[in-house]
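Protein chains: 2
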Amino acid sequence: MADSVQQYLKENESRLLEQLDAFLAIESISTDSSKKEEMEKAVTFLTDYLNDIGFDRVERHETGGHPLVYAEYMQAEGAPTALFYGHYDVQPADPYELWESAPFSPEVRNGRIYARGASDDKGQVFMHLAVFEAMMKTNGRLPVNVKIIIEGEEEIGSEHLNGYLEQNKDMLQADFSVISDSGMVESGTPTILYGLKGFTGLEVTVHGPSRDLHSGLYGGAVKNPAMALAQLLATMKNEEEEITIDGFHDNIETLTEAERKLMNEAPGENYPVSTGVPETAPEKGYTAKEHTMARPTLEVNGLFGGYQGDGTKTIIPSKATAKLTSRLVPGQDPVHVQNALVHHIETHAPAGVTVDIKREPLSARAYKVDPDHPLLQKAAASYAEAFGREAVFVRMGGSIPVVETIDQLFQVPVVLLGFGTPEDNLHSPNESFPVEHFRLGMDVLAHFYTEAGEK
Amino acid sequence: MADSVQQYLKENESRLLEQLDAFLAIESISTDSSKKEEMEKAVTFLTDYLNDIGFDRVERHETGGHPLVYAEYMQAEGAPTALFYGHYDVQPADPYELWESAPFSPEVRNGRIYARGASDDKGQVFMHLAVFEAMMKTNGRLPVNVKIIIEGEEEIGSEHLNGYLEQNKDMLQADFSVISDSGMVESGTPTILYGLKGFTGLEVTVHGPSRDLHSGLYGGAVKNPAMALAQLLATMKNEEEEITIDGFHDNIETLTEAERKLMNEAPGENYPVSTGVPETAPEKGYTAKEHTMARPTLEVNGLFGGYQGDGTKTIIPSKATAKLTSRLVPGQDPVHVQNALVHHIETHAPAGVTVDIKREPLSARAYKVDPDHPLLQKAAASYAEAFGREAVFVRMGGSIPVVETIDQLFQVPVVLLGFGTPEDNLHSPNESFPVEHFRLGMDVLAHFYTEAGEK
Chain Z
1 MADSVQQYLK ENESRLLEQL DAFLAIESIS TDSSKKEEME KAVTFLTDYL NDIGFDRVER
61 HETGGHPLVY AEYMQAEGAP TALFYGHYDV QPADPYELWE SAPFSPEVRN GRIYARGASD
121 DKGQVFMHLA VFEAMMKTNG RLPVNVKIII EGEEEIGSEH LNGYLEQNKD MLQADFSVIS
181 DSGMVESGTP TILYGLKGFT GLEVTVHGPS RDLHSGLYGG AVKNPAMALA QLLATMKNEE
241 EEITIDGFHD NIETLTEAER KLMNEAPGEN YPVSTGVPET APEKGYTAKE HTMARPTLEV
301 NGLFGGYQGD GTKTIIPSKA TAKLTSRLVP GQDPVHVQNA LVHHIETHAP AGVTVDIKRE
361 PLSARAYKVD PDHPLLQKAA ASYAEAFGRE AVFVRMGGSI PVVETIDQLF QVPVVLLGFG
421 TPEDNLHSPN ESFPVEHFRL GMDVLAHFYT EAGEK
Chain D
1 MADSVQQYLK ENESRLLEQL DAFLAIESIS TDSSKKEEME KAVTFLTDYL NDIGFDRVER
61 HETGGHPLVY AEYMQAEGAP TALFYGHYDV QPADPYELWE SAPFSPEVRN GRIYARGASD
121 DKGQVFMHLA VFEAMMKTNG RLPVNVKIII EGEEEIGSEH LNGYLEQNKD MLQADFSVIS
181 DSGMVESGTP TILYGLKGFT GLEVTVHGPS RDLHSGLYGG AVKNPAMALA QLLATMKNEE
241 EEITIDGFHD NIETLTEAER KLMNEAPGEN YPVSTGVPET APEKGYTAKE HTMARPTLEV
301 NGLFGGYQGD GTKTIIPSKA TAKLTSRLVP GQDPVHVQNA LVHHIETHAP AGVTVDIKRE
361 PLSARAYKVD PDHPLLQKAA ASYAEAFGRE AVFVRMGGSI PVVETIDQLF QVPVVLLGFG
421 TPEDNLHSPN ESFPVEHFRL GMDVLAHFYT EAGEK
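Chains as they are written, first to last, in my numbering: chain Z, 1 to 455; chain D, 1 to 455.
Since the hints were derived computationally from the structure, they do not count as laboratory data. Incorrect hints may have been included.
Any copy will do: because identical chains look the same in the list, a pair fits if it lies in one copy or spans two.
What the hints assert, rightly or not - Taking lysine-lysine and the DSSO-like style, the derived pairs with C-alpha atoms no more than 30 Å apart in a straight line are:
id: 1; residue 1: K169; residue 2: K41
id: 2; residue 1: K358; residue 2: K313
id: 3; residue 1: K313; residue 2: K35
id: 4; residue 1: K284; residue 2: K313
id: 5; residue 1: K368; residue 2: K169
The shape of chain Z in the complex, shown without the other chains (with noise of 0.2 Å):
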C-alpha cells in the first residue's frame, strides 16, 4: 500500500508545496486580536482541504477562543483508531525586518521553505493531511480510523484544550495518539521522542525587616534576608548536584542500563560549545545526556532582592525572593514534589526571618512510553525505511503539556513524529523547514499509518 502512496505524494509534490504555500501565507497569528480573520482563513483551509480528503465529518468546533477543527474518518474496520492532534496558529512575526524573505510570503532557499510556521506547526500539519489524500486518493480508505483535532490556542497557551478535551472525551477517544509538533536531534537522523519531562514550581520569598535597614546599624542585629534566601537555596542541592530535599524522589522511576545506553547513543550537543559554559555540571553518577533526559532537575529561574543599580548602597533588605521549578520524571508526583518543596522550605528556613511561598498552579506528570512498544518500533521502522539511517530514542528534559493531558485523560501511547531540525529558528525570525524533511517525512508518515492498521 505505501508504494502506490509514496509514489502519488512524489508526482503530486510540486501541487502539495504549492497548496502548504497557501496555508503558511495565512497569517494565523492567535496572540494578535486584529488576525482573528485570519484566523477564521486558516480555519476554512483546513475543513475545505478535509472534506476535499473524504474524510466523513469536518467540523469548525467553538472553544471559547480561536476555533478548532475537528475531523473524523471512522471506516477502516476493525483498524484502531488514530487521534491526531497539531496547531494552525503561529507565534507573532516580528521584527519583520530581520526575516530575509516575508514571513508569510514562503519562499524556498537553499532546500528550505522559510515560513512563519513552515516547522510549527502548519508545516507537519499539512504533511499528515497530504499522506491522508494520497491515501484516499489511491487506495480510496485510510489504513487505520482517524481523528484529528487541530487547535488554534497552542502559542497562546492552549487555554481551552483542556476543557474542549475533557468534555469532548468520549468523541475523541482512540486507540493512539500522533503528535508532529517537535525536532529531531539533529537534521537527517529519525528521532524518536518517548519520553518527556514533568513540572511543578514555587515563589519562595524570604522576609526579614518591615523596610530596608541601613547595614552597618542593623548588621549583626538582623537576619539578612538575601543571605538566608541563599543558605537555603543552598540546602536544597549539594555540590554533586544532587537534590539533598526529603520526598523529592519519592516513587521516581530507576533509569535502566538499556535506556541509558540508548540516552548516550543519541548524538548530542557540544554544551560547552553551544552554551559557553567552562564544562557540563549534571547530578554525580550520570552523564549530561542522562540527566537532561531522564533524572529531575531543581532550577533557579530567577533571583532577586535588595539594591541592583550601579555602585554599592550598604542595605539590608528587607526580602529576597527566588523562583523555583523543577522538571519531573516518572514516578514523580508534581503536587507530592511541590509539597516536598514546601516543606523543606519551612522546615529548612533560618532563624530570624520569615517565608513566604507562592505555589506554581500550573503542574505536569512526566511523559514516557516504552521504547519497545510496537507502535514505537513501528515509528522507528518507518523513520529508517524513508532516511535510510537508523532512528535514535531520546526523551527531552521539557514538557508538551498536551501530550501529559492526552496521556492521563485517554491512557493511550503518544506517538511523537517530530520533523522537525534544531536549524528551524522556531519562534525567531527565518523560520523554516527543511524540503527533504517534507518528502521523507510524508514517507514515514505513510509507512507509519500502514503499519499502524496492520495488527
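Position chain D against the provided structure of chain Z, taking the given hints into account.
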C-alpha cells in the same frame, strides 16, 4: 569660667535662636545647582559670624566644588589646639508637601526647632560658634586654640574634602578633633560615641551559559548560576552567623569584658519592635549590641539574576550577581579583607561557572578611641554635668568617613559630641532638633572646651 559663659548663653538665648533661624533659613542644598547663591549666603553668614566672634583668621577657601569656611583662633598660649569639623550644606527638602512647616522657615513646635539642617548639621555647628561667642564676650579669650573647617559638600559625598585636608595638613594640624554631626542613643541620654566601623565591599557575578537557556532542555547539563551564587554565598557565613572566610578576621581586636559591659549597658533598640523581625540574629557568642557595635559584618546588599516578573519563566539564567559589603572593626585592614573575600570567592566558586569580581573602590578602616582617654572622660563629665545623667559609651556599626580620614591623617583623637536624637528625621521631611538639646548641648560644649584647655 564655664559659669559666666553659661550665664551669657542663657541671657542671650532668644537672640541666638533668632540667629540660628537666620542660618537655617538659607537654602544651602549642595546637590541643587540652582542653589549656588544660597551656598554663598551660608558661607557669608559663617564668615561674618566668625569675624564678629573675634577669630584671628577667617577665610573662604576654594575646594574645586562648594567653598569651605576656614577659621582659626591661636591665642590660647600653651593650650592644646582643637580641629573642629562641621558642614553647612543640607539635604534637599522634597517632598515639600510632607513638611508641616516650610523647611526653610524655622518654627518651634512642641519644644523642637523644625527646619532642614536643624540637626544635620547647621544646628549643631551653630552651637559651637555660639559657645565661642559666649567665651569671647565673657572672658575675652577661648580656653583652647581652635581651627575650624566647615565644608559645603558633606551631603554629596565630601568629594573635595580629602584633597583639601591633605593639601592643608600642616595648617590644620591639631591636638584633637571635635565633631558634632551625630546623635545620642535616646533623647536626654548623654552618649559618647567612641568607635565607628570601617568598610569594604565588592560585587560578584557568577557567569554560566552565554544566554538564558531553556530549563527543560539544559537542566542537568549546565550549572545554574543563580544556584551557584547561592551556594557560594552560603560558604561565607554559617548558620551561627560566623563569617567563614579565611583571613577575614586577621588582626582583629579582642573584645574586652569591660567593653562588652559598656555596650550591653547602653540603652538599645528593641529590634523586633523597631524593624519587624521575628528575632535578632547576632553571631554566636555575642549579643546583638556587641555584634552591631564591635564585631565585623558581611551583608548581601543586593542579589539578582534571571527572571523577576510575574509568574514563571523556565530558564537557566546566564548569570547572577550579589553585592556584598563588610563593616570592619579595629585591627582589620580593608584591603586585606577585600583580598580575603576575593580569594574565598575564587577558590569556592562551584564547577561549571566562572566568577567576575568588581572591587568596591571606596574603603575605610574602623575608628576607635580608648573610652578611658582623658578627653573622652572630660566629654562624659561635661555631658553628665549638663544633662544630669551619666553618659553611656557606645560604638556604632556605621562609618563616618571624615572621622577615619582625620584619624589617619592627623593621628589625633576625634571627640564625637553628638546632640541629635533618634526622632530628628535626618534627611526626611520635618527634620527637627530639641530646643532643650540646643540649650544643654551648649552647656556641654562650654564645659568641654574649658576642661580641654586645662592640662
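Status of the hints after comparison with the structure:
1. K169 to K41: This pair counts as within: shortest intra-copy Cα distance 27 Å, inter-copy 84 Å.
2. K358 to K313: The answer is both: 28 Å in one copy and 15 Å across copies each meet 30 Å.
3. K313 to K35: between (48 Å within a copy, 26 Å between copies)
4. K284 to K313: The answer is between: 27 Å across copies meets 30 Å, while 39 Å in one copy does not.
5. K368 to K169: This pair counts as within: shortest intra-copy Cα distance 21 Å, inter-copy 78 Å.
Of the numbered hints stated above, none is contradicted by the structure.
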